[in-house]
Amino acid sequence: MNSTAATVEQADTGMDGKTILDVENLSIDFMTDEGRITAVQDISFSLKEGETLGIVGESGSGKSVTTRALIRLLASNAIVDDRSRIELTRRDGSRVDICGLTPGDRTLNQIRGGEISMIFQEPMASFSPLRTIGTHMVEALQLHENVSGAEAKKRSIDLLERVGIANAPERFRQYSFQLSGGMRQRAMIAMALVTRPRILIADEPTTALDVTIQAQILELLRDLQRDLGMAMVFITHDLGVIAQIARKVAVMYLGRVIEEGTTANVIYQPAHPYTRGLLDALPRLDAGARRLVPVGGDIPSPLARPSGCPFHTRCPQIIEGTCEAAVPPVTPISDDHCVSCYLHG
Amino acid sequence: MADNNQSPRAQDAPLIRIEDMRVHFGPVKAVDGISFDIRRGETLGLVGESGSGKTTVGRAILRALDDIDGKLRFTLDDTSTDLRALRGEKLRAFRKHMQLIFQDPYSSLNPRMTVRDIIAEPLEAGAERLSKSEIDTRVREIAQKCRLNLEHLRRFPHAFSGGQRQRICIARALVSNPEFVVCDESVSALDVSIQADILNLLMDLQDELNTTYLFIAHDLSVVAQISDRVAVMYVGQLMELTDTVTLFERPLHPYTKALFSAIPRLDPQSTFEPVRLAGDIPNPSDPPPGCRFSTRCPFARDRCRSEQPAWREVQPGHLVACHFAEDLADEPRSLSR
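If you're matching them up, the sequences are chains A and B in order.
Each residue of the first sequence is one higher than the one before, counting from 0 in numbering that gives the first Met the number 0.
Each residue of the second sequence is one higher than the one before, counting from 0 in numbering that gives the first Met the number 0.
Calculated directly from the structure, the hints in this document are not laboratory data.
C-beta: ideal position from N, C-alpha, C; glycine also.
Accuracy of the hints is not assured; some may be wrong.
To be verified - Per the computed footprint, the stretches of chain B lying under chain A, defined by three or more beta-carbons under 8 Å from a beta-carbon of chain A, are:
{"hint": "1", "region": "85 to 94"}
{"hint": "2", "region": "194 to 205"}
{"hint": "3", "region": "218 to 229"}
{"hint": "4", "region": "265 to 276"}
{"hint": "5", "region": "312 to 323"}
What the hints assert, rightly or not - Derived, one-sided and incomplete: chain B residues facing chain A with beta-carbon distance under 8 Å:
{"hint": "6", "residue": "Phe35"}
{"hint": "7", "residue": "Leu75"}
{"hint": "8", "residue": "Asp190"}
{"hint": "9", "residue": "Val191"}
{"hint": "10", "residue": "Asp279"}
{"hint": "11", "residue": "Ser305"}
{"hint": "12", "residue": "Glu306"}
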């Protein structure tokens, strides 16, 4: 039908790239009026050049907090555990631990937007209604590179065209509210990419979009990734979207990664009871089945975090006396596939 | 699946018959000439993208709106009621037959009312005069059916999770034992693991109470899961309507096909090839002449741009608004998964 269609495997060039981001033992708590809440607990993952890592999880899984920590975009009541490390290999080859940087640090400002960019669910909130699309893009570019206004404008317009915005010079002069939802999302992607970041964090970038527009944006992100060779961390609650965009996926539940592997392994051979439950609970297009298999119970409140395996309160295969006693260790079950569950290993 | 035989008996008449319904808000033609039936006891899914007018259809049937053109009839116990003509006390009395379940269980429950009072409100506000103990009995009955703990009735909504709140909303909608319920994106705000539970509950309650649902949603998989038939809307008009299996396996309208092709498949090894649609969804205050989809349709011809396609039955029970539905039937994009 068209030449740019590709499976995830073809778009993702990260299979043998160098590791550029190494997250180890990331734990984040928040102090709130109601007490100390654990949002993320002991998470480790790595990202190679040109690779896409999907992070899937429901409300309260900690997926957004995890990715916000990568550019230290955390609220002031956040407490990052001392053992946490987020090691970024920078453009010049030097390595820096983002957890060791303080807000306002020069290096941090260079990394934010310069090496790691982020796009969000709601593009309207990413643009000031008082400034044009062009002003945003030129400002971002000149903050990170020593380029003239004319050069910045040219690069911005080129990129607007690249993300599929018609009449790019005109759109450059317009405000975000003059664009349709899909166009706005494209403009936000262009703004995030104008500095040619090496890592793009996409936090539910298609969740608010209609399905036909979502398809366009997913294709665009895949094409851009292939052309620019950037790595991507893609957060979503939608496993179908993960299947189409990410070669690797981490499944999160209540602040922990409970299963991780290639998307094909995780979807075709889910090992954790929660992952299996999530897949069984998904409505299917081939109707007729009518009844769904819900994951029993509710997601526990973050104030009443279960001990041991966070899923044990809802798990149909709970091993009494074991699962609630301690957090299960991460067990490899094949190459590129590991699970944190006592049923394995 | 219900059959298509036209019987003269009123009991066999559709619960709701809509003919050439129009709802305009100033220049915005939110709903612009749609005709369809809602059959007794079925779940009719209504899908469409932002601005398609699907929510307005639900609100119009529930008479949450006043300026409605066209015909809108509700047939109950051999009596056919013209919904458009209902006013004042008569409309209020009729509301017990028709209810709405909203999308957001956080904003649709009054935080200052107990769960019992929230569920009882439709009974207390209705035209029926019921004693307090009668109301209490009915609240307890429906709460149990909605799998709410009776202990919960004394509490306030803030103490509940999203799934529990939506069960409270469902109990409130069903307490007056309505014939017809509009579910407007009723599971869209819920997590997948909770959403399945609410969908199951809605289906169980339908089996038990024989309620008819109009299930409005943008998520096609959810609609496929719960609906007996599905209608597809685009910019204020219906594009296609048939039983769920036929619609997903052999869609005829190019818009339906494009919509289905855009759903990300849960299969990392599939090639994702959504039909590329040119341009944006037209503005409902300035819809294109002819077919509403002609500006983006990959198969559009001159006739499509000038002449509005008739809403016609191409196969028994399969309605479509496309001049070339038969010619395009074998174009790709049938769905197999």
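Could you work out which earlier hints the structure fails to respect and list their numbers in ascending sequence? 1, 5, 6, 7, 11 and 12
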